[in-house]
Amino acid sequence: MALRELKVCLLGDTGVGKSSIVCRFVEDSFDPNINPTIGASFMTKTVQYQNEMHKFLIWDTAGQERFRALAPMYYRGSAAAIIVYDITKEDSFQTLKNWVKELRQHGPPNIVVAIAGNKCDLLDSREVPEKDAKDYADSIHAIFVETSAKNAININEVFVEISKRIPVADSAAATSGKSFKLGRQVSESRRTCC
Amino acid sequence: MDPLDGFGSPGREEAAADSRSAWTRFSSWLECVCVVTFDLELGQAIELVYPQDVKLTEKEKTSICYLSFPDSYSGCLGDTQFTFRLRQSVGRQSFRDDIYNRDAPATLQRETAHFFGYVYFRQVKDVSVKRGYFQKSLLLVSRLPYTHLFHSVLQIIAPEFFEKLEPFLEAVCNEIDQWPNPSPGQTLNLPIVGVVLQVRIPSKADKPGGSPVRQITNESPLPAPTLLPTIHELDLFKCFQSVLIHLQMLWELTLLGEPLVVMAPSPTVCSETILALVSSISPLKFCCDFRPYFTIHDSEFREYTTRTQAPPNVVLGVTNPFFIKTFQNWPHIVRLGEIKMAGDLPKQVKVKKLSKLKTLDTKPGIYTAYKTFLHKDKILIKRLLKGIQRKRPSEAQSAILRRHLLELTQSFIIPLERYMASLMPLQRSVTAWKTPPQVRPFSQDEFISTLDHTGPQLTSMLRGDWMGLYRKFFRSLNFEGWYRQRHREMTQKLESLHLETICDADLLGWTKDKSEVEIVDLILKLREKLIKARRQQLQVKDGVLDKLDAFINSIVGSLPEDLQPVLNAR
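First to last, the sequence lines map onto chains V and F. When we follow this note's numbering, the leftmost residue of the first sequence carries the number -4, and every step to the right adds one. When we follow this note's numbering, the leftmost residue of the second sequence carries the number 2, and every step to the right adds one.
To be clear, the hints were calculated from the coordinates, so they are not data collected in a lab. A couple of the hints might just be wrong.
[As the list claims (entries may be wrong)] Across the chosen pairs, the derived CB separations fall in these ranges: (1) V:135 <-> F:55: 44 to 50 Å; (2) V:100 <-> F:344: 50 to 56 Å; (3) V:136 <-> F:407: 41 to 47 Å; (4) V:105 <-> F:298: 49 to 55 Å; (5) F:564 <-> V:31: 32 to 38 Å.
[To be verified] Straight-line Cα separation of at most 25 Å, DMTMM-like style, residue types lysine to aspartate or glutamate; simulated pairs: (6) V:96 <-> F:164; (7) V:96 <-> F:48; (8) F:165 <-> V:47.
We put the CB at the ideal spot given by N, CA and C, even for glycine.
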């Protein structure tokens, strides 16, 4: 079975639950008192998708403004970006739109974008209507789900949807499509010798 | 599915729990990250240190400041990378990780009294600065001799740092704090600002000269994101290209720990050459002091350049031509120039008389009166020179060089290892009722007498005065270091065997007809052995230590009740 490594980054305002989503996905756990991320955390998880193994190399970035300028290093070469907002904070949805713009301008050309409206367990405090977010996501052809890292709602689904949208790799190109230095060199040298 | 999935590595959470603020993981790789800048009023000054609470003495800070900038004489415009090594201040607590040093090859052990500084220096014209130049160094300070790894990390982070500044450094340090510990024999994924470096930490158990990089394939069937083939090896060919024909001399000088200065046009060349020399006797550990980049500001400058004593057994890399005067009384000076080509070949420097060493513009050459004990390997040199003409890649040339040096060093040390092993007492002389036997003393004459039959001629074609080389080697710090290491290992082996023998002996039976005093004495002795075994991380069979613990407890239990609390209180 082929193994593909997929770089995925999480972007979004501070406190929307990026690290909690990753923690739920990777370890199936939730800590309400998680510390703010500094720089980025790196985690991996391998899941089966059809006849391939997808190893997600997950870069969970810091949402705090002072780390804003570092984001390009993490979305550079990413196969997918999960942009997270908090359904109880209208501001975080506005920030999300800025992230989408930035990715369109500076991100990898074929990056798969997933929008996750987190904290959907807190319905009483909702500020962002689901329909608005869904319409916005459709307008930019992004994956859209509302999630709850706390109650484990739709977390795996985000990643399954990403797997679905990753272009099918023919065996020769299995290692390309990634922007890592070595990967690219390997695929190029193969092309020249064929 | 993947055993490596999860956070940076298994156990991350315990580490996070026991001290998030103590930078436990970070400090198993680095002591700190520093930024040194040029301040118009202060001169070179530390602008930033991470982690902020790292403890550097004023002396260490001053040394770091001076050593992280090239000498003003070497006008390095653009980006320059080099390495230095500085002495830690006295009284600094040594790093407590005997397990790493126990399992790592001797040449990759953590430094106990020195730090390495891995420097990325940028100097560009900048009219907005009063001095007209932007001059700044980002450096990694570590006890680990992982030259290639840390310079690769610098290549990734330094250019970004100069644009993104402090928050970037904070991010970098936090990511390094997620790295798994450097465990010998393991392949590790090291995430750093959006890329993952895959490295293998060599182990003492590796076959010398083998290609350990290949062993990792079953764990990850795909090429890793960025695979570093080595954490410490240098491009030997690049380092030695203008002194290839003197390789034998340089190897002998290094093996013997002779005082040696390398003068080079840049800190990059001098530091790489010194590191290449030190690594040329691998797997032997170079036990003298060495400074890949040494300046007149170094706190050991006076100590090392005093004329009242013979030159110390150290190897120094320098760039400042002023040193020609300072080192006039040194026995061996290698002066490297810019690489000149004679046709296709890098021009080889010549051996010159020391008396010619006078002026600041002294020509490239090796200034020494040294005569090699062994003849040079002409076939090797021909092969390398031909390789240049045939445009053989530098890595392949380096591999040939590394192989040659390894075989040479192996041929030299195998007879020593064999003789040393013969000094080990027989296993049956280890008994429970006596203190463990001692390793027999090393006799140089006895060793020399083994050379006729089992000398280096068995594995090396090189002719010459091997015996003379051994005799000189016995007087060097490298021999002393090697001997002490082997002796310690053998003594510990005997200690382990002794513990295992005791464990199999009928201790309870022995105590039956003994007086209380003798029994208490036994308990105290056993306890002392156990504490020592645990402290030294002795490798004994599973369960031996626990079984001895249980022994002690049951013997204590068999003593009169008034005595028990006294023994248990200890």
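Cross-check of the supplied hints:
1. V:135 <-> F:55: 44 to 50 Å: 45 Å, holds
2. V:100 <-> F:344: 50 to 56 Å: 52 Å, holds
3. V:136 <-> F:407: 41 to 47 Å: 57 Å, violated
4. V:105 <-> F:298: 49 to 55 Å: 53 Å, holds
5. F:564 <-> V:31: 32 to 38 Å: 58 Å, violated
6. V:96 <-> F:164: 22 Å, holds
7. V:96 <-> F:48: 35 Å, violated
8. F:165 <-> V:47: Violated, at roughly 38 Å.
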